[in-house]
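Generate the whole structure from the sequences, applying the supplied hints.
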Amino acid sequence: MRLLHTTSLSLNEYHGDKVPKYAILSHCWNESGEVTFDAFQSGKGVELSGHSNIEGACSKAAKDGWEFVWIDSCCINKDSSSELSEAINSMFRWYREAEICYVYMADVLITTNNNDKRDSQLRKSKLFTRGWTLQELLAPKVAFFDREWNAIGQKDDLHDLLSSITGVQDLNKFEDACVAVKMSWASKGNTTRIEDEAYCLMGLFGVYMTPIYGEGTNAFLRLLECTKEQSPMV
1 MRLLHTTSLS LNEYHGDKVP KYAILSHCWN ESGEVTFDAF QSGKGVELSG
51 HSNIEGACSK AAKDGWEFVW IDSCCINKDS SSELSEAINS MFRWYREAEI
101 CYVYMADVLI TTNNNDKRDS QLRKSKLFTR GWTLQELLAP KVAFFDREWN
151 AIGQKDDLHD LLSSITGVQD LNKFEDACVA VKMSWASKGN TTRIEDEAYC
201 LMGLFGVYMT PIYGEGTNAF LRLLECTKEQ SPMV
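Each residue of the sequence shown is one higher than the one before, starting from 1 at the first, in the working numbering.
Be careful, since some hints might not be right.
[What the hints assert, rightly or not] Here are the simulated lysine to aspartate or glutamate pairs, DMTMM-like style, with alpha carbons at most 25 angstroms apart:
| id | residue 1 | residue 2 |
| --- | --- | --- |
| 1 | LYS188 | ASP72 |
| 2 | LYS188 | GLU215 |
| 3 | LYS188 | GLU83 |
| 4 | LYS141 | ASP119 |
| 5 | LYS63 | ASP156 |
| 6 | LYS78 | ASP64 |
| 7 | LYS126 | ASP72 |
| 8 | LYS63 | GLU31 |
| 9 | LYS124 | GLU97 |
| 10 | LYS228 | ASP176 |
| 11 | LYS18 | GLU47 |
Don't read these hints as lab results, they were simulated from the structure.
Here it is in structure tokens:
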């Protein structure tokens, strides 16, 4: 697992029980401005718009006392198929084991204490339409922030609103739901790659598969086969 040091902004690798405590970031990718592993390592990442997300997450984590943070965009070397496969299969666990997950909502700005206006903005956020963010909301302890890193609230504080948006009745006991119900939650999420429609649900169903980009809809068929082996449909 590769972690980003919150003050030096250096990447460090850890394995097994040597992984230190860390915070983790949930956010919507900006495909044209996201800081990838290569861009970060080359130093070109500072020129991209997504670098402000990294700085914001590191600053918040450091203030909260966390030395490390995990950010998917720059902590995974996607040019390595083996590393990408490990990350996809481990991601749910990495979110679940984080000390805190910062959900950064770039399309939300809270300027009033009016809860109705806050709720209206949250309902419109792109974050809730992305396939990968479902597991990020369910697995860890979560705190939400707007685009200026103003605190919006904790997952438990916003439970009823989040339940209404996601369709997940109990965010803290989601694992008790059957396969069919979990699939209904996932149906609201979109992914850029068609294979990710399946890969982003692996952790939610507790299954492990080797990602094969290029397999198209067959990825979802493989996921269904794995869920049949492990869980009842109803």
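### Task
State the violated hints by number, sorted upward, taking the hints as numbered earlier in the document.
Violated hints (numbers, rising): 3, 6, 8, 9 and 11; every other hint is consistent with the structure.
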